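Could you put together the complete structure from these sequences and hints?
Those protein sequences? They're chains U and V, same order as listed.
For the first sequence, position 103 matches number 103 in the numbering used here, and the numbering has no gaps at all.
If you count the second sequence from 1, you need to add 600 to reach the numbering used here.
By construction, these hints were calculated from the structure, which means they are not laboratory data.
Because the structure is a prediction, the values reported are computed rather than measured.
Just to be clear, a hint being listed does not mean it is correct.
To be verified - Label pairs and their in silico Cβ distance ranges:
#1 Pro582/U - Asn664/V: 27 to 37 Å
#2 Glu643/V - Glu298/U: 53 to 63 Å
#3 Thr591/U - Ala740/V: 49 to 59 Å
#4 Trp396/U - Glu1194/V: 50 to 60 Å
Even for Gly, the Cβ is constructed at its ideal location relative to N, Cα and C.
There are 2 protein chains.
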Amino acid sequence: MPMSTNGNVSDNMEPSDLNRTLKEGNMQKILRINTKEKTFTVEQPENALSSMGGRGLTSRIILNEVPPTCHALSKFNKLVVAPGLLSGTAAANSGRISVGAKSPLTGGIKESNSGGLVSQKLARLGIKAIVLEDRPDNDAYSLVVIKRDSVEIVPADEYVGLGNYAVIEKLWNKYGKKVGVMCIGPAGEQCLTSASIQFADPKGHAGRAAGRGGLGAVMGSKKIKAIVVDDTGADKIFLADDKAFKTANKRWVEMIKKHPVSGQGLPELGTAILVNLINEAGALPTKNFRSGRFEFAEDISGERMVELIKKRGGVIREGCHPGCIIHCSQAYHDKEGRYVTSGMEYETIWAFGAHTLIKDLDDIALMDRLCDDIGVDTIEMGVAIGIAMEGGLIPWGDGKAAIDLLKKVGTDAPLGRIIGNGAAFTGQAFGIDRVPVVKRQAFPAYDPRSVKGVGVTYATSPMGADHTAGYAVCQNVLKVGGDVDPLKKEGNVEVSKNLQIATAAIDASGICLFTAFPVLDNEDGVQTIVSLINARYGINMTPNDFLDLGISILKDEHAFNKGAGFTKADDRMPDFFAEPLPPHNTTWDFTDEELQQVKM
Amino acid sequence: MPMSTNGNVSDNMEPSDLNRTLKEGNMQKILRINTKEKTFTVEQPENALSSMGGRGLTSRIILNEVPPTCHALSKFNKLVVAPGLLSGTAAANSGRISVGAKSPLTGGIKESNSGGLVSQKLARLGIKAIVLEDRPDNDAYSLVVIKRDSVEIVPADEYVGLGNYAVIEKLWNKYGKKVGVMCIGPAGEQCLTSASIQFADPKGHAGRAAGRGGLGAVMGSKKIKAIVVDDTGADKIFLADDKAFKTANKRWVEMIKKHPVSGQGLPELGTAILVNLINEAGALPTKNFRSGRFEFAEDISGERMVELIKKRGGVIREGCHPGCIIHCSQAYHDKEGRYVTSGMEYETIWAFGAHTLIKDLDDIALMDRLCDDIGVDTIEMGVAIGIAMEGGLIPWGDGKAAIDLLKKVGTDAPLGRIIGNGAAFTGQAFGIDRVPVVKRQAFPAYDPRSVKGVGVTYATSPMGADHTAGYAVCQNVLKVGGDVDPLKKEGNVEVSKNLQIATAAIDASGICLFTAFPVLDNEDGVQTIVSLINARYGINMTPNDFLDLGISILKDEHAFNKGAGFTKADDRMPDFFAEPLPPHNTTWDFTDEELQQVKM
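Shown next, in the form of structure tokens:
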């Protein structure tokens, strides 16, 4: 196959070199793309980077290379896409991908994590990271096509303006119905700070997202509409110790399958299983965080969702990436039995449901689909629409009005530009101070007054309000990995801190975070992950080393944020969380000093 | 006259006490108004506050009483209105007023300074400061009417939704055509972060503004539509040494009248005299800071403005407050000879002119009028409209389109909510990173690459980008108070630092900042101000004490901002000021460390 580089090969490498380096899949290269010049380079990572993957790599590259005070949409920002340390292997659930940049939403560092096909394909091509650099001076969009022997940066005119579902369909028609695709919709093209990057799932649906923090706007600012990854002909992933890997993976699979959450709850009901659980716990934020109980929780519950899916011929137990054995995803169909959306998560259902008082699951599913297609974060959109309700723009609970509003996002309608820039922005537009954000990122689906461990994570994570950064719902509500009272302060700073460390390490491994349930409940949980990594690379990592990796990632991230001007004044809840939350009437009562104890 | 308190007298004082305390004008009281309960208290300031006035008092009260991390629109913020130390006296140009709060625009402390009638009337009533506290739970607006013997907090239904010109007209018809009025327009009611507080000038026009930082939104959040101040029957201001005061004031008047800027340039052409001067200096920011020269500067110059005013029967040489002897203001009339606007400042002409490439002075005058009437900051609006042009919303230089856009501000149109929230917000809405702001406040009319002293002020002032906070245009361009090369770094940090200190002290005195021109050029300048203060209060302030007052004010302000989370990362220019600016092709080249030297 001839080396094709769109005619712009960078000066320091000959095509034949590129050809060779790209072929050597297991050599672990970094692919840098200059989006202004339409050139690329393939480089051997420096030593410090060679042992990193996923979030570890995205955050380190951003810390090293992006000026923390730069404008997130400027040429100085970089978008980094990195498979995890185990991605590309047969390790169960190892196909998650990290996308990082300076966030246009928070102003701090961001790693957003997604399923899809890109992670494993990049890993098999030996690409540890793609780094999108610089920014074009004009509005011409490009498409990046990465194959075993070539990198093409070609005009993307035919895809501009399209929604993510159509983009993926067109790209699959052109490049084959199994290539990995990551792309942006109209919201990313407009550089809206809630813009997501969507990933094709194994069925070619645009239902998987690096949703949080506006990374789609960074990709949009660099005028990259999509990246296609085709690993046809890639060598098999090199394993340093094939036998040890198989042994570890066997235990890994067993652990995941046997745990009641990852082996039963999530497969059966998806993450929507949480609607009833969190409502029962009095922590389902209702009507913009005025209550922890939603009168109509049952109507939007996982049980109800699965009932509808089964009745309408949808699909339960889908995986977001090949190699997933949890299958927490679904395909949700409408009343006529037509596919609507995939991966309708608990947080999405909450944001468009209890938060806005909308109780029609079909309305919520349609909004999930719209978000994936327009390319915006579902949490940020749902919360923003609730804020618009708070401001009197549309009535509480009016699903049809909410859908109409969401449809404006990504169009030229000014209201779309308001909502599409997220909850904090919408709050400012409407003069509302009751806005649930930390570091300008909207709260997910757990009221911090009644799940205090996750509240500590919201307040202190370098990512802004992010449940995945330290999911203390485990110990607070699910009683996985411990039992810490969700309504009291005691123990919750420690729980959040430990989870933030473990999560950062897991995000570096490429493993799905939902494996954390069995990992927390099995003594050999972390050891099993470490054994997989050791067998893959022929190294001698210990469980402590793994946690040290998590600590070093958080240190990188906090260092970037410090440079960007973040202080403890940014690690705080909005004022109104001092109000008591029914039904437990708990308040947010941590001092700044208590919260700062999570820092390394 | 019966004591009227709208039926809600606070528990700790009897009406008769209030009656007495309000009457004792020279006793220097603080009037606190609880906007939720519609009650007030009158208190003797603690010692530390009794020697402060104007910006010194607003910033100290905010530092002491407002949690720096609170939401600026929440009940925790306070709006403080304070005449200066010399306000109410016969000292020339002593009728400026300070308004302070946590800024909804910058997130930091804010003092915004205006002319009008309120300052001297409050001072004569013995009111050192009004402090608006708390916030109603409903949308009912109130009007505060302060007279010699009463404070009324009454429903303002008949004024809601009206523009500032109409509000003042109605209030003058009701309360007499010489009462002081400060009020908000529709923008303040919507809590837009560019909302101003407008002050009636001596003719009852709404042309004077505490424009910057969105203080109108704070007043709007507290549902106070207007404050009326009637000093009828007030005692004469007490002077500790009448003779010394007269002697000092004689010298003060002489100094102001004799200086070429305050005695000649400003009276003849207003601040618009600067259009040609700054254009000549290559520092008139043109087309969103792409050049320092505007091809059509002559068309929007002060010379042209005065020519039109004279031809159309307008007024030159108006004062913004009684006691002004500079008279830098004008009344601008349209082609038919009808009054359009007052106080069309250089910065306003620039923002709607060179910045947006609009060259029709009538369009600019209409936009100035619209801003005053809707109640928004002219600088923030002009810069925001330029950013909308940058985003392709309307064409560069299209005055009619700009007027249409501005007319949406304060209405329900979503575009109005975007523009009305200022330049940084508009930039985010349209995905633009070329946005000239520091601390989210839009740059005024001097390119920092070619007037580097004022650039240092933009970057480091606790107020955000604010030319008035340290107007190094004096030494850089006008060669008043020294001669420092505007194109080089040398000396400009020191110049800005000294000016920031002196300005803070002047803002505490209630004196118009334009007296700084003669003060800088006369050896006895500061001594004369100090002599006036000493004669007023019977104290022994020295010129050094006066500058120490400035330092202490800046320390207060930086302390608040630090608590709000500001760091040196907020004391920076946007990235694009690294581009060379024609015609001098200078860049912004200060390091963070150099800039931090301005801090006390």
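Now for the hints, and whether the structure bears them out:
| no. | hint | result |
| --- | --- | --- |
| 1 | Pro582/U - Asn664/V: 27 to 37 Å | holds (35 Å) |
| 2 | Glu643/V - Glu298/U: 53 to 63 Å | holds (55 Å) |
| 3 | Thr591/U - Ala740/V: 49 to 59 Å | violated (36 Å) |
| 4 | Trp396/U - Glu1194/V: 50 to 60 Å | holds (52 Å) |
Checked against the numbered hints above, the structure breaks only hint 3 and satisfies the rest.
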